[in-house]
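Novice: The whole structure should be built from the sequences, with the hints applied where relevant.
The sequence shown begins at 2 in the working numbering and counts up one residue at a time.
Any given hint could turn out to be false.
Said to hold, decoys possible - Only pairs whose alpha carbons sit at most 30 Å apart, straight line, appear in this in silico DSSO-like list of lysine-lysine:
| no. | residue 1 | residue 2 |
| --- | --- | --- |
| 1 | 245 | 201 |
| 2 | 201 | 220 |
| 3 | 135 | 121 |
| 4 | 371 | 358 |
| 5 | 220 | 296 |
| 6 | 220 | 264 |
| 7 | 296 | 121 |
| 8 | 296 | 245 |
| 9 | 296 | 135 |
Don't read these hints as lab results, they were simulated from the structure.
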Amino acid sequence: MTSLIPPNSSSVFLRRVVMKNYKSIGSCDVRLSQPLTILVGPNGAGKSNFLDGLRFISDALENGLDNALQERGGINEVRRRTGGHPTHFSIQLEFALNNADASFSFRIGARQGGGYTIQKEECHIVTHDQPAKKHFYAVENGTVQSSSISIPPAVLDDRFYLVNISGFPEFRVVYDALLGMRFHNFNPELIKTPQRPNPKDYLERDGRNVASVLGNLEKNSQVTLQLIWEFLGRIVPGVERVEKIVYGSLEAPEFRQRVAGQKDLWRFPAINMSDGTLRVLGILVALFQFAGSSKPVRLVGIEEPETALNPGAVGVLLDSLRAASQNTQVLVTSHSPELLDDKNIHADSILAVIADKGNTQIGGLDQVGKAALRDHLYTVGELLRLNKLQPQLPKKRQIAQSAQLFEG
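Specialist: Shown next, in the form of structure tokens:
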């Protein structure tokens with residue numbers, strides 16, 4: 002049985018994200034230091050593109066590069082299209098493993114006719130042992146340039162080399178960790194529709210297998226399931242529990258609700274519940290799915306969790322985000338001042354996102370914003386209303402150093 006642990010920095014899995022030419026993001030170099038990070042900015046600023054860049058990695062590892070690119074319209078829809086016409090896009094991640102620090106980076110270039118090629122890919126692992134052990138590989142244009150494996154596996158054109166080399170245990174932990182990044186944008190229609198049992202013990206992006214995950218939580222962590230019900234009841238008064246119910250070969254969530262004047266809880270199938278209630282259920286199950294998963298859920302990303310939520314309940318939603326971040330890193334996007342009006346939101350938990358002539362710029366709060374929060378002059382929500390949330394952008398020298406990760 003899994004129980005919740007006190008807040009600590011161990012849930013910070015992803016520490017640094019560098020992106021270049023990914024959709025609307027020309028270049029960004031972002032440090033993550035808090036278990037809960039909120040990307041804040043107006044609609045169309047590019048918040049979702051940042052999360053999608055991270056999701057692209059887990060999608061490509063799980064389903065292949067072809068599927069990951071085609072789901073997004075092909076490489077010409079993924080690489081940033083500007084006056085400079087970049088022909089490639091790049092991403093680098095730096096992250097923490099149980100007993101090591103690691104990085105994974107790649108650059109994918111476009112070919113004529115919509116094709117692509119993996120121009121560069123690297124992975125580096127440094128353990129915390131004494132003395133430290135180092136594991137690494139570097140691949141360029143289909144050839145292994147260097148590797149800590151004496152006889153490394155062959156390179157395949159249509160997949161990351163990390164997939165091939167994950168047969169070695171020192172790289173398997175990186176593969177599993179990056180697969181443990183889960184991202185969600187819920188579809189209430191699919192959540193309410195009975196589905197066939199899903200063998201996966203993590204929640205699908207749209208939430209369709211929420212009943213299966215509830216069943217896993219019931220078997221593996223009643224403590225966590227009770228916590229989900231507690232948060233749900235605070236957001237949707239009267240709801241006391243949600244369980245998996247089986248309809249022949251299909252399954253769906255069923256709500257148990259207290260009705261005035263009735264001794265027993267009433268049963269309500271998901272099809273009778275509002276879209277807002279179903280979204281809240283999806284969000285809570287996503288946040289706490291780690292307790293029912295056989296593999297580590299390192300990071301959960303959710304787009305605009307406040308959508309269709311009563312403004313009076315956003316405080317409870319923020320409480321649930323904080324509770325979940327005690328065990329797994331949480332990234333969310335938001336443009337809701339109500340969600341951000343909490344005076345206890347740490348300045349380092351905020352990434353400000355703006356768009357300048359179609360170019361997404363992302364960074365921690367600038368010094369003015371940090372000072373306003375530190376001196377309790379404003380909340381993050383109030384700064385958002387005043388249009389005073391601005392990112393602290395890297396200096397030209399730092400941008401050049403970030404670019405060298407992929408160019409030099």
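Novice: With the threshold set at 30 Å, check whether the alpha-carbon distance from residue 220 to residue 264 stays at or below it.
Specialist: 28 Å, holds
Novice: With the threshold set at 30 Å, check whether the alpha-carbon distance from residue 245 to residue 201 stays at or below it.
Specialist: 15 Å, holds
Novice: Going straight from one Cα to the other, do residue 296 and residue 245 come out at no more than 30 Å?
Specialist: Holds: residue 296 and residue 245 sit about 22 Å apart, inside 30 Å.
Novice: Below or equal to 30 Å on CA atoms is what counts here, so check residue 135 against residue 121.
Specialist: 20 Å, holds
Novice: Taken at face value, is the distance from the CA of residue 296 to the CA of residue 220 at most 30 Å?
Specialist: 15 Å, holds
Novice: Starting from residue 371, check that the Cα of residue 358 is at most 30 Å away, please.
Specialist: Cα-Cα ~25 Å, so holds.
Novice: With the threshold set at 30 Å, check whether the alpha-carbon distance from residue 296 to residue 135 stays at or below it.
Specialist: Since the Cα atoms of residue 296 and residue 135 sit roughly 24 Å apart, the hinted pair holds (cutoff 30 Å).
Novice: Just to be careful, I want the Cα atoms of residue 296 and residue 121 compared with a cutoff of 30 Å; is the pair within it?
Specialist: Judged against 30 Å, a Cα distance of about 28 Å means the pair holds.
Novice: Does residue 220 lie within 30 Å of residue 201 when you go C-alpha to C-alpha?
Specialist: Holds, because 15 Å separates the two Cα atoms, which is no more than 30 Å.
In summary, the structure agrees with every hint in the numbered list given earlier.
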